Amino acid sequence: MKGHQPSNYEPSNPRTLKLLLLLENKIYSWRWRLAQFLELRWWRRYLRRLDWEAYVEDKRRHWRKVLTLLDVQLAPGERVLDAGCGPAGIFTLLHEQKVDALDPLLEKYEKKLPGFQLDKFPHVHFQQLMLEQLEVKETYDLIFCMNAINHVADLDLALGCLVQALKPNGTLVLSVDVHRHSFFKFIFRLIPGDVLHPQQDDVADYQLFLDEQGLQVEKTLVLKKGWVFDYVVFKARKR
Numbered sequence: 001m002k003g004h005q006p007s008n009y010e011p012s013n014p015r016t017l018k019l020l021l022l023l024e025n026k027i028y029s030w031r032w033r034l035a036q037f038l039e040l041r042w043w044r045r046y047l048r049r050l051d052w053e054a055y056v057e058d059k060r061r062h063w064r065k066v067l068t069l070l071d072v073q074l075a076p077g078e079r080v081l082d083a084g085c086g087p088a089g090i091f092t093l094l095h096e097q098k099v100d101a102l103d104p105l106l107e108k109y110e111k112k113l114p115g116f117q118l119d120k121f122p123h124v125h126f127q128q129l130m131l132e133q134l135e136v137k138e139t140y141d142l143i144f145c146m147n148a149i150n151h152v153a154d155l156d157l158a159l160g161c162l163v164q165a166l167k168p169n170g171t172l173v174l175s176v177d178v179h180r181h182s183f184f185k186f187i188f189r190l191i192p193g194d195v196l197h198p199q200q201d202d203v204a205d206y207q208l209f210l211d212e213q214g215l216q217v218e219k220t221l222v223l224k225k226g227w228v229f230d231y232v233v234f235k236a237r238k239r
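No gaps in the numbering here: position 94 of the sequence shown is 94 in the numbering used here, and each next residue is one more.
What the hints contain is simulated information worked out from the structure, not anything from laboratory work. Possibly wrong hints are sitting among the right ones.
As a list, the in silico SDA-like pairs of lysine to any residue whose alpha-carbon atoms are at most 25 angstroms apart [as the list claims (entries may be wrong)]: (1) LYS59 with ARG48; (2) LYS224 with TRP52; (3) LYS137 with ARG237; (4) LYS167 with GLN213; (5) LYS167 with LYS185; (6) LYS112 with TYR46; (7) LYS137 with ARG180; (8) LYS137 with LYS238; (9) LYS219 with ILE187.
Label pairs and their calculated CB-CB ranges [claimed, not checked]: (10) ASP51 with GLU138: 34 to 44 angstroms; (11) HIS181 with PRO122: 12 to 22 angstroms; (12) ASN169 with LEU50: 38 to 48 angstroms; (13) ILE187 with ARG44: 22 to 32 angstroms; (14) GLY77 with ARG237: 29 to 39 angstroms; (15) LEU74 with GLN216: 13 to 23 angstroms.
Since the structure is predicted, the reported quantities are computational estimates derived from the model, not experimental observations. Just so it is clear, CB atoms sit at the ideal spot from N, CA and C, and this is done for glycine as well.
Can you make the complete structure from the sequences, with help from the hints?
Here is the structure:
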C-alpha cells in the first residue's frame, strides 16, 4: 500500500533499503504495543464514571442506528465476525446469528473493566487474537470491524485476513477515524501524534485499500465530523 512506505525515496543499496524497512517495522511494532497499553488505560478511565449496563445499552442503540443507515440486513443463523470487538462491540446486539468476536485485549478487559464478563454473552465465541492472527476455518456472511482497523500493527495483513475470512459476495462493515487534511496525515505518520492509532490514513487511502483487496465499496458515510479526523464507516462487498 503506497500510503505505508517510509518515503518516496528508494535507495539503490539493497542493504540500506532492508535497514529502512526493518526500522519502519520496528516503529509500527512499537506504536502498536504503546497503543494497546494506552487503549486499556483509556477504557478504564472512561468507564470508571459510567454505569456499565447503561453504557452497553447506549452502544446497542448506536449499533442499531449504524445498521439502519447502511441498510445492513442480518438474517437469523448467519455467520458474523466482530473483529476488534472491544468490551461493547456489535456482538452485544446480535443474538440470532452465529457470532465470533476477537480482540487482543479480551482477558485484560475482563480483569480490569468492572462489568465486562465474557460469560454474559454465551451466544458469542470469543477469541483473544490480533486481527493479523485470524485463521480462516469457516467464512463469514458479514464482518464488522468497528473503530479497530487503525489500531493494528500491519494494515495490509489485517485487511487481507478479514477479506480472506469473508464469503464471496459477503459484506464488510468497517468504521475508522480518517484524516481530513494531508498535512496532518503526514505529521501524524512521522511522529506519534495520535498514539492510540498506529495507522494514519484518509478516506481515499481506505477506498484504495479496500479496492486492492477485492472489495466493492457500496456506501461511505461520515458518522461524526471533527477538525482533524472524521469518523467514517464503509460498507463493502466482496467481489
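Verification of the hints:
1. LYS59 with ARG48: Measuring from Cα to Cα gives roughly 16 angstroms; hence the hint holds.
2. LYS224 with TRP52: holds, 24 angstroms
3. LYS137 with ARG237: holds, 20 angstroms
4. LYS167 with GLN213: Given pair LYS167, GLN213 holds - Cα atoms ~13 angstroms apart, limit 25 angstroms.
5. LYS167 with LYS185: violated, 33 angstroms
6. LYS112 with TYR46: Given that 25 angstroms is the threshold and the Cα spacing comes to 12 angstroms, the pair holds.
7. LYS137 with ARG180: violated, 38 angstroms
8. LYS137 with LYS238: holds, 18 angstroms
9. LYS219 with ILE187: Measuring from Cα to Cα gives roughly 29 angstroms; hence the hint is violated.
10. ASP51 with GLU138: 34 to 44 angstroms: holds, 37 angstroms
11. HIS181 with PRO122: 12 to 22 angstroms: At 45 angstroms between Cβs, range violated.
12. ASN169 with LEU50: 38 to 48 angstroms: Taking Cβ atoms as reference, ASN169 and LEU50 lie about 39 angstroms apart, which means the hint holds.
13. ILE187 with ARG44: 22 to 32 angstroms: 29 angstroms Cβ-Cβ, so the 22 to 32 angstroms window holds.
14. GLY77 with ARG237: 29 to 39 angstroms: At 20 angstroms between Cβs, range violated.
15. LEU74 with GLN216: 13 to 23 angstroms: holds, 20 angstroms
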